[in-house]
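Relying on the hints, combine the two individually framed chains into one complex.
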Amino acid sequence: MKKLKVIAAMSGGVDSAVAAARAVDAGYEVVGVHLALSSNPQKYRSGARGCCTIEDSHDARRAADVIGIPFYIWDMAEEFHKGVVENFLSEYQSGRTPNPCLRCNEKIKFEAVLDRAKALGFDGVVTGHYAITKEGDDGKTLHRAADPEKDQSYVLAVLRTDQIEGAIFPLGDTVKTDTRKEAKERGLFVAYKPDSHDICFVPSGDNAGWLRERLGSETGDIVDQEGKKLGEHKGAYTYTIGQRRGLNLTVPDKSGEPRYVLKIEPKSNTVVVGTHEELAINIIIATPPTWCGPAPEINKELRGFAQVRAHGAPLATSYKFDGTNLIANLDQPVFGLATGQALVIYDGDRVVGSATICETI
Amino acid sequence: MALTKQLKKLGNASSLHSAGRSVRKDLEAAREELATAAGCAPSEIIFTSTGTEANNLAIKGLFWNGAKNNKKVIITSTFEHHAVMDPIVWLAEHEGAIVVGINVDRKGFIDFKELAEAVEKHKDNIALISIMHSNNEVGSIQDIAEVVKIAGDIPVHSDCVQSFGKVDLSFKKLGLTAATISAHKVGGPLGVAALILKKGLDIEPILHGGGQERDIRSGTFNAPGIVAFAAAATDAVANKKERDLKIRQLKEELITTIKKNVSDIWVNGDLENCLPGIVSITFPKTDSEGLLLLLDAEGIACSTGSACSAGVQRPSHVLLAMGLSEDETTSTLRFSLSYTNTINEIAKLGAVIASVVARSKAASGKS
Numbered sequence: 613m614k615k616l617k618v619i620a621a622m623s624g625g626v627d628s629a630v631a632a633a634r635a636v637d638a639g640y641e642v643v644g645v646h647l648a649l650s651s652n653p654q655k656y657r658s659g660a661r662g663c664c665t666i667e668d669s670h671d672a673r674r675a676a677d678v679i680g681i682p683f684y685i686w687d688m689a690e691e692f693h694k695g696v697v698e699n700f701l702s703e704y705q706s707g708r709t710p711n712p713c714l715r716c717n718e719k720i721k722f723e724a725v726l727d728r729a730k731a732l733g734f735d736g737v738v739t740g741h742y743a744i745t746k747e748g749d750d751g752k753t754l755h756r757a758a759d760p761e762k763d764q765s766y767v768l769a770v771l772r773t774d775q776i777e778g779a780i781f782p783l784g785d786t787v788k789t790d791t792r793k794e795a796k797e798r799g800l801f802v803a804y805k806p807d808s809h810d811i812c813f814v815p816s817g818d819n820a821g822w823l824r825e826r827l828g829s830e831t832g833d834i835v836d837q838e839g840k841k842l843g844e845h846k847g848a849y850t851y852t853i854g855q856r857r858g859l860n861l862t863v864p865d866k867s868g869e870p871r872y873v874l875k876i877e878p879k880s881n882t883v884v885v886g887t888h889e890e891l892a893i894n895i896i897i898a899t900p901p902t903w904c905g906p907a908p909e910i911n912k913e914l915r916g917f918a919q920v921r922a923h924g925a926p927l928a929t930s931y932k933f934d935g936t937n938l939i940a941n942l943d944q945p946v947f948g949l950a951t952g953q954a955l956v957i958y959d960g961d962r963v964v965g966s967a968t969i970c971e972t973i
Numbered sequence: 611m612a613l614t615k616q617l618k619k620l621g622n623a624s625s626l627h628s629a630g631r632s633v634r635k636d637l638e639a640a641r642e643e644l645a646t647a648a649g650c651a652p653s654e655i656i657f658t659s660t661g662t663e664a665n666n667l668a669i670k671g672l673f674w675n676g677a678k679n680n681k682k683v684i685i686t687s688t689f690e691h692h693a694v695m696d697p698i699v700w701l702a703e704h705e706g707a708i709v710v711g712i713n714v715d716r717k718g719f720i721d722f723k724e725l726a727e728a729v730e731k732h733k734d735n736i737a738l739i740s741i742m743h744s745n746n747e748v749g750s751i752q753d754i755a756e757v758v759k760i761a762g763d764i765p766v767h768s769d770c771v772q773s774f775g776k777v778d779l780s781f782k783k784l785g786l787t788a789a790t791i792s793a794h795k796v797g798g799p800l801g802v803a804a805l806i807l808k809k810g811l812d813i814e815p816i817l818h819g820g821g822q823e824r825d826i827r828s829g830t831f832n833a834p835g836i837v838a839f840a841a842a843a844t845d846a847v848a849n850k851k852e853r854d855l856k857i858r859q860l861k862e863e864l865i866t867t868i869k870k871n872v873s874d875i876w877v878n879g880d881l882e883n884c885l886p887g888i889v890s891i892t893f894p895k896t897d898s899e900g901l902l903l904l905l906d907a908e909g910i911a912c913s914t915g916s917a918c919s920a921g922v923q924r925p926s927h928v929l930l931a932m933g934l935s936e937d938e939t940t941s942t943l944r945f946s947l948s949y950t951n952t953i954n955e956i957a958k959l960g961a962v963i964a965s966v967v968a969r970s971k972a973a974s975g976k977s
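Chains as they are written, first to last, in the numbering used here: chain A, 613 to 973; chain B, 611 to 977.
Isolated chain B, as found in the complex (with noise of 0.2 Å):
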């Protein structure tokens, strides 16, 4: 609605004259909402286009600020997501950062002993600290304030594009210096995103140019995109209580059933401290791409794990991250639970399971 809504509305929000400046007002507006629901300031928002560009921003500029002061070390987990890893990645080739990664365990937690020890090592030496708020794979939230807590004055970003809409987070109660957000994960158009950004703090831009947000990041707004993130995280903030109670219970729900049908398998990562909606199931000695391909026949949506470039799945890092063999890895599926599922839907995959899984295991070649 938010959407469809502001496409009608002419006019750059750069502009002076009044379409540009009616653009502008909506634009605020959502950045005014947009900070309520993520318990920041409105300056703090730095529009842009997707998650990964907003975590590219956040490490790579808050690198850069470490690396003027000869910080240059990075700490992060080992199961980021790729979009995290990369740019880490990336500096380590180009730009000369150490990385350190702290483990973590077979429910999907970091080593917060090691994190410790980590930063007591190191200490001055840090440009940053990047810790995910809550994994994609396996959806085990970690304990962000106690990161915090340990980096002292240590600039730490997160990345809560998991969690944003879904758990309670809030970037000023939770300390943080930046946090990446994205509008599709709570149910908003796809391509906008935001990097939360301490006020005050400048990093490098990425893109130059018009310098529209703060200096800091370029490009002409995306006004109906922004506008409809705002609507949509509002929406999910208000309503977070009562769709976590709903998706818990069909959570509970699937694993039982699945459970019921296919006796040998093991949930990843914790069902206590996790977001609600996602359900990482491994099923032994299958091959998960057989497993997918049969299911979307039957009108079941699932994923596997990562894909290469060239659509082929590869290992998960997350899950080999968390001790799981590669063969445990590529018998993994990650069902995405939102409140608009059904038990009835869940009825419909524990009735086809269990065939799916025989028909998968033949096809394996895994004993």
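Okay, chain A solo, but in the shape it has when bound (with noise of 0.2 Å):
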């Protein structure tokens, strides 16, 4: 039989060079790809942020010769800008809080890397994520990887069927410390490099920092619901629904209790704050859904699980598909819920749909 080609994406980090590994084990002809995404990288990684500095390329490089794949690195830097800078930006700006992680699987990742792939010959993209494919009568279903720490369905959730075809995740039976002892055990140098999180575009780590820089930071009121100024902010787009520090009110609640953002208004520029119970959420209206699989039969009331976050637990819900609208109707309140962050929904540990949030009650 002849081998089926690969590219993996090699970010520089622990994980994807493992998967590559593996994927050279298990008979795929591999190649090493690492994704620029920055036109204007940073030389050098600071703590554990960012997968797109120089260092990280020639981290992902000397991994490739390592396992001995041939290796080059791709100019996404374009595509990531609009695909995933722009659409970060453009959600604060609309009061939403993003995903970006979600959106570069849905646009980079499985999108632009993939169909270049195949157009070029290959036959998938393997990458370090932690979930597991399964082959299924209507072809390949997404499910959660075996370390539930580690469980990166929710933002894989995004893509499509056909995306899923052609995604292999070779770490998605394994727990990260086993990756790590196997990268060391492979004599790959990545195994003591730090795990990297936050926003990779946002090398400083301060998120409310850089998108005043990009967004301004016009000061405006902060309100309780029934509109009475409690205090000012400085620039609506830094806060996030259930945030409660940073706030600064000068007024303090008649019965003392902490305040949090319930509500962002980006034209009257306004936080609208309230109680933890104000928080409460228990219908979440999302769309437009992403079906990982077949998708459900209009109107009829289903039961799942809901994830709202992407380390978040799975909540008990009733869910169903209206046509446009996924609507999921939670057995418990979940509290602090932001539009814009993506609601999945699982079939045990079947990832069905995903959709972004837009509205909550």
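It is worth saying that the hints were derived from the structure and are not from the lab. In this text, all values refer to a predicted model and were calculated from it rather than measured experimentally. Fair warning: there could be bad hints in the mix.
[Stated by the list, open to error] Interface residues of chain B toward chain A, partial, derived using beta-carbon atoms under 7 Å:
1) GLY921
2) LEU930
3) GLY933
4) ARG969
5) ALA972
Ideal Cβ positions, reconstructed from N, Cα and C, are used throughout, including at glycine.
Given below as structure tokens:
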């Protein structure tokens, strides 16, 4: 049988390096590719942030050499800027809280890269994501990883069935500590590299400062649900729903209870705050849906689990698809949920689909 | 051979004991041998570690000499190698150099009328002129003797790294003030090069230390590298004609083969007045990263333009200077041919190029 040819997306981190090595062991013909996502990359990685520094591209190259596969760098800076960074900014401008990692998987890794790989004659893309795919009657399905701490099925739930068909996740059955151990055994120096977290294109890690620089820091009112002014904010974009700290309210609450951000209204440049109870959300409405498999029957009430944050707990829920919106009716309320985040529905450990949260009740 | 033999010899060429003197003897013999190959006096050769170092040394040194007399203009072409362009930009940013770039035409030749006008305009304020002997991406050879003629008394430096050992080149005959040559481009080892600097001329060093090379370049001699450099240069010069002929035949075959399989390609640069072994070909609507990846998988090595420090391909400033669009520059490959290549290897390229180009077109997103 002819060997399947795959592109291994190598960030320069330990996960993607071990994933590429495992793909070789599994009999694939593997070509390593590092994605250059910034047109002006930093020289060195600072702390554990980012994955797009020159140091990271060197680490990826070195890992590819040790594994013994060809290695190239693909410039995806323009696609990344358009598909991820601009979307991130416009979402904040609209008062929503986006998840850029999810957009990167959707628009870059499993669209721009996968499309290019296929056009060049490759069969799929290997990444170091922690998720499992299974062959089913209706094609490949997406499932949670074995390591609940590392499970990344949430940020992959935006993938369509055809994208999942082209995705290979060799680390789905592995716990992170074993990945590091294996990297060490394979002689990969990245075994010692710290995990990356936070947003890769905000190298300082100061998300609020980064947003203020780009979207302005026009001060505005912080008000309660009745519209009474309680303080001033330094740029509505830099707040997230459920945020408690850094509000600097000048009028204390009568009961002395802490207050949280309930709503961000970019048009009036207002941040609305309230009590913890007022943060409670029972119904989540999200659109447009992406199904990782067959779409559910319209208006049929189904049972499953909802997840609303990258490492959030699965929440027991009823859900239905009304033809436009995916609506989850949670068994127990969830507190502090921002629009713009993804609602992902699971059936056990299988990802049913996802959509962007547009309204919460 | 020369390299491994010399590696076994102990001794620092600057030491006074017999082991040191013995290495010094080999090194000076190599200097004479290299001088013969490059058409200069042995004492005009300053060994450096790389061509980049030699270019920096010449350009900064000649600029600082000129600046003492308030001559701060540097005339250069718009498609020099980064090792020339970047020190000039550095001088402009840090030392007040005024840079005049001479345009090149679609074939990769500088505009002599523009050069003459620039020299006339800035006459007494020019510190140096630096024009490459041949271009590393497209191979076009400049008429450096004509540059020197126009320059008159103005010092002229030429980056001869690509030309040395491949085409006729004599430092003395060209009348240059300074020239850069490098070992690995004549089949010698990596990490050894030389600046040829006119006898009697003093320039400021960049590296300060023991002053081993005329007090202009400090650092322990890389004797094995230098000896091997000279041996490789002598070999290249001695076999130049024969190799030139063979490589030019291969080049013609390469172009014909590619054209036969992909009709819309074009060759950048000039086919007459050029280096034998460099062929720059634009494959419209493709993406050279994809072309390179697919050809590499077939065992065919070629290059795209230049890459930044992160390894990301950037539109070639050489091709942009020659009038290509950004899209066209990132659809261009450079093939380097040597006398060791064969017709069979070109046939191998011919067998795969059509499908490689078709795939790359599909992946490029260029319409």
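Going through the hints against the structure:
no. : hint   : result
1   : GLY921 : holds, 4 Å
2   : LEU930 : violated, 17 Å
3   : GLY933 : violated, 23 Å
4   : ARG969 : holds, 5 Å
5   : ALA972 : holds, 4 Å
Going down the numbered hints, you'll see the structure goes against 2, 3, while the others check out.
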